[in-house]
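J.: In order, the protein sequences belong to chains A and B. The C-terminal residue of the first sequence carries number 863 in this note's numbering, and the numbering is unbroken. The C-terminal residue of the second sequence carries number 777 in this note's numbering, and the numbering is unbroken.
Derived from the structure by calculation, the hints contain no laboratory data. Treat each hint with caution, since some may be false.
[As the list claims (entries may be wrong)] Quick partial rundown of chain A residues pointing at chain B, CB under 10 angstroms, derived from the structure:
(1) ALA721
(2) ASP735
(3) ILE755
(4) GLY757
(5) ALA762
[Stated by the list, open to error] Lysine to any residue pairs mimicking SDA-like chemistry, simulated, CA-CA at most 20 angstroms apart:
(6) LYS722(A) x ASN719(B)
(7) LYS431(A) x SER547(B)
(8) LYS733(B) x ARG745(B)
Owing to the predicted nature of the structure, the values given are computational and were not obtained by experimental measurement. Every residue gets a Cβ at the ideal spot worked out from N, C-alpha and C, and that includes glycine.
What follows is each chain in one-letter form.
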Amino acid sequence: MLSSLGSGGGKTAKPSFVSYVTPEEIKSEKEPYKKENQPDLLPGEVVFCSACPVLKYSQDDMSQRGVFGTLLCTNFRVSFVSDEVQVEETCKLFKNKLYGENDIPLACVDNIYGGYEDKKKLITGGLLKNKYPSKIIVHCKDLRVFQFSLTYSKEEDAKKIFQGIVHHCLEPKSLRCVYAFSYCENTTSPEMQRKERTMLFDCLEDWTQDMKRTKGNCRLVTENSSFELSQKLPQFFIVPLNVTDEDLVKFQGNGLPMWCWSHHSGCALFKTASLPLSQEDNVPQTYMEKMLTAVAHNHLYSVKTEDLSDTLPTIQDIQLSYNKFKQFFLIDNTTEFWMSDMKWFSSLENCGWLDMIRQCLLKAVEVVECLEKENTNVLIMEESGSDLCCVISSLVQLMLDPHYRTLLGFQSLVQKEWVAGGHAFLDRSNQLHLKEKVESQSPVFLLFLECVWQLHQQHGPAFQFSETYLTVLSDSVHVPVFATFLFNNDSHRANVLRAESPSSQRGPLNCPSVWDWSVQFDCRAQDLFTNPLYAQKTKQDRSQRKSHRPKHQRQLSLPSSAFKTPTKKGFFKDEADSLKKILGVKRISRWMLSPSSDFPPMSSIKEFYETWQAKPLDYHGMLLPCLDGPSIRVWMQRYLRWIHDVQILGGGPVAVLSKVSELLAEVQELRSELDRHARTVTSNHRGAIRTRAKTAPENLARSSVRLSSSFPFVTSRNWSFKPAIPTSMLQSLMMSEVAGDLASREDDGSEPETVV
Amino acid sequence: MEKSGSIDSLGSKQSSSRQPSVDSLSSTSTSRSDRSSHAAKPPLAVFSDNVSTSTEFSPELRGRTKAVVKVLRDANKEEPQLLPKEHVQDMAKDVTYICPYIGALRGTLTVTNYRLFFKCTDREPVFVLDLPLGVVSRVEKIGGASSRGEVSYGLVCKDIRNLRFAHKQMEDSLRKSIFEVLMKFAFPVSNGLPIFAFEYGQVYPENGWKVYDAQAEYKRQGLPNESWRITKVNDHYELCDTYPSTLVVPVNISDEELKRVAAFRAKGRIPVLSWIHPESQATVTRCSQPMVGVNGKRSKDDEKYLQAIMDANAQSHKLFIFDARPSVNAAANKMKGGGYESEDAYQNAELVFLDIHNIHVMRESLRKLKEVVYPNIEESHWLSNLESTHWLEHIKLILAGALRIADKVESGKTSVVVHCSDGWDRTAQLTSLAMLMLDGHYRTIRGFQVLLEKEWLSFGHRFQLFPAAFEFNEYFLVTTLDHLYSCLFGTFLCNSEQQRVKEEVPKKTVSLWAYINSQLEEFTNPLYVNYSNHVLFPVVSMRHLELWVGYYIRWNPRMRPQEPVHQRYKELLAKRAELQKRVEELQREVTNRSASSERAGSPTRSITPVQTFV
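Just chain A, same shape as in the assembly (with noise of 0.2 angstroms):
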């Protein structure tokens, strides 16, 4: 029983945010409900403040319709508890056990707008005192937009709602404030298991074992694992074998190479964060030297530097890009939808998203190719070290090694590049909205799932894990319960879980990890994290790549004494320039040692592209993005998803995987018969064989034949099955355009085109 408040019977709705009805009508057409509805508490969740009864607009048409209930807002999330029973619009399998469809993590809000009278007006903190719209408009992180209606309710409770939620969505707050606290104090999260784990990268073995996995020849640094060189190292690092123990607190890390990869011949890859540059010093200079010789040992005498920052985007740039871009996607109404679909293509471009990305996946095929095809070790810096230096460093071991695009893998690597590699994630979310961490906020993460999902679009059998898998993983950034996206870096996590212990005796507070995804999801659901199209390895693949591993095949092996005396080739010698320009100069497309010798670098990738693709395709080998205009995609799944108009009944991409699933759980069905077979026969057991195959597991897709593009995040049943129709032609604007005489003129009539 939805409450249809449409004047006329749910014709489309003008564009406006005025409801046609009173709160008078309403409540001689019916009597709302007065009872306040509250939402299953998580442990530790306490609510603030509530008001009743709310208007929820229903998503699909902006007409003036809706559902009431109670809106509620509690230290964990703002939840609006219909009055109805409802009808999950999240299947039920892929429910999120944290929050609902109508539940929006405080973390997870972007904007609030108030609707006052016909106006939308953008709420920026602050107490707004006796004043508050009629209409709240809470738009998401993970691009979901809420309309609440505040009309209904006594006029106190509709006051105290809505200056509830914006003081604790809107305004700063301390960390302690954050939900994961109270959930973690309430609650035992479950070891993880070790086998078969994601490693953490937060203790020596694990670094170890990434170390021989990959053949590298570095020093691992164990001296910091409480903190006692530097508060801004992490625990455990890799530095290259000659850095002393003097060199490692020099800069407090600063201009000190970390190690992140080694390709199989010996070369390896190295971040760091630049060296202050304004000291006048010699220090600084010589120190950088040092460092570079130690790079350079590691692997034939060679290294290439990359400082990012000269050809990456700023972290204000990607901020700024991706504030436009997300605008596309966050619509208020049908008519605002078909308007800007109009000049979508050029609307795209302007925003500068989609080359930010195509930058990024283009640098990262640069080091690649100076790690596969030069053998050179790399060193890649920018002024953090953690923030384009995991997204490039990431980038190039996915794209290099097989290893990170399975689930674990790439669980791994983010916890090694990303959280033990010290990425600012709470300045980066600004989730505490502090005013003097405004600037620092910038979507990088996001920014590497992006490019990462545009391999996985361009290369799927490549990638255990799924497109779901990314979109879950970039939506659970914005959930404030997990310790992975909470701190700055190491030394602040250890820090805070230790002080916030409830008592010393018990350690420090144990937060869950991101990848206990069953804090989230039951295992069904994580089933669809799993990609159908994975083509697994085979052993003869496995056999096939060791014996076609090439050699080390670096022509330029220099006596070391040359390097020794890199004052001959004019190399950090001369002392008036600032090392910024020197360091400047010395751009990837350099040798080191030879710095004569720059290469065309465009030229070069596309050959190097080239060269690769004209290989057969080997899933477990090297993978390398396509970047022409046509390859760089919009994240579909991400951005169109809680958009009505858009979605494809029974189209889109789950057509094809869940196709694919149903016939591979056909085959593993088939499997584990002939297993029982096999046993069967060994055992001469007899009969029992027809019947098990009919108890086989209820698969998803083959329950409901046709599910929209936007599976698994919302289902279609409760929309209706009417097409949706552009409400805005473009033809007024493209005669403008186009030639006039032409659209003039008359279809061939007597003398139609021929082919003959």
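Since the structure of chain A is already known, use the hints to place chain B on it.
T.: Quick look at chain B alone, frame taken from chain A:
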């Protein structure tokens, strides 16, 4: 499906040369890179064994016979494997092909009465360019002789390519250049030559001309019925020379009245039934514009006729007339005697303009698109460049129009009349698309062939939205489009049924469907699920419209299309079949054993180990 042996043998021969390299991309049908072992360019190779006789060469090759013979003995033949009745017309060595992706390539150019064939053996892998001459839309001589004494030619193709060749000026000025020979055979009609389709006589297991039988198709739709009849009034194309002989019209309109209606409709193209909804009886009818003119002429017969169309559907007391044109253009047509139905004259009818532009605008848009996608794509401005061509906007408008038609018929249970000016371009696009949405039968391979034959052809992009709803695959569409221009098959020759009958096209040529239906597997979408009763409503937002990369950008080696999903699916299907077989075998074994063990109690035989992964 029965396949001729020669096709198979060709397939295996080709597989060796069809390595993933640029050359395989540039050969005729070319769109797919990963179908290496299948006969991707089937008719070309059928008569491969006949090639090695030099008797087929034209006398023009006299001077070079020696060289030719030598080449023929060579395993690396420089000329194509010829089709039946295909003859080499000229051959020139040391021709340079300037490939936009690889650069200049030197090789041998062969021209036959069907194709252009260029082969460069200097490089590894060997480069081959194989192009039906019908694809050439224009040959241009570029500049004069260069300092090296070379002349340059540009071939503008209908499949968006521009091919550039250069070769030495003939010392003997009397001798024709190979490009003049090419010109002659590329434009046979203006040179008094037959179109190759009339010579090509390949026999396929199926006669493709039988695919479409108007009577059978109407019967499938349940026609004639109590409201609609099949009329013979156009049996000799007297009512309308551009219409087929079999037409379906309302029962209560007599042939005499039809003639009067024809007088009021442009080119006599009266409203005729295209499709009828199996349940609601709502219909899609198509026609040309009414001859209203500046003075707003009316025709009682035409008004009665449309009323009859409406009355034939008891579910609705309304009729929607969809005029494909922008309203401005429709109004402008009044100056030339045409126009649109006024709602005064046609009671209960509602007129809707769909704002679709005419073929001139479309052609211009396609020309711009060609500039944007060929040969190279500008990376950073790709999206705005694409937008400036308006190509996808046109497609959006056509799809949106078809969607509105389908929605009215399906959801509104209302009959619709569709027309533009003449009713043969935009109208055909709209009706065929609406029918694809409404009727699952047209989404099968044979159904689509019927639809093309019936309503004529259209574009390709929309199918990406529904990967499992169509029985045919992208390759089927690309092949169909390629042979639209190739002049190998008779299917797309002439402009009307009348002309085709007059030219005896079905008798003298082979149908494309014969070729396609003789190797259906190649063209089948393995993911196809037959939801024939499902109506498909596509989403016509720019967010979902993509340029058809597999057609428009297929020449660019960087944009190699991949079909891992289809392949993976086929692998899984094979795996399932294999496992099913083994399960059955085991079951049989168990049964046998239980029988035998009762007799002798023999020891258990070891079982083949079960594989643990795919």
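J.: Holds or violated: is there a CB of chain B closer than 10 angstroms to the CB of ILE755(A)?
T.: holds, 5 angstroms
J.: Does ASP735(A) pass the interface hint, meaning its C-beta sits closer than 10 angstroms to a C-beta of chain B?
T.: The hint holds - ASP735(A) has a Cβ within 10 angstroms of chain B, the shortest such distance being about 5 angstroms.
J.: Would the stated hint for GLY757(A) survive a check requiring a Cβ distance to chain B of less than 10 angstroms?
T.: Result: holds, 7 angstroms to nearest chain B Cβ.
J.: Does LYS733(B) pair with ARG745(B) here, judged by a C-alpha cut-off of 20 angstroms?
T.: holds, 18 angstroms
J.: Between LYS722(A) and ASN719(B), is the straight-line Cα distance small enough, at 20 angstroms or below?
T.: holds, 16 angstroms
J.: Any CB of chain B closer than 10 angstroms to the CB of ALA762(A)?
T.: holds, 5 angstroms
J.: Is the interface hint satisfied for ALA721(A)? The criterion is a beta-carbon contact with chain B at less than 10 angstroms.
T.: holds, 6 angstroms
J.: Given the hinted pair LYS431(A) and SER547(B), is their alpha-carbon gap at most 20 angstroms?
T.: holds, 17 angstroms
Comparing the model with each earlier hint shows no violations; every hint is respected.
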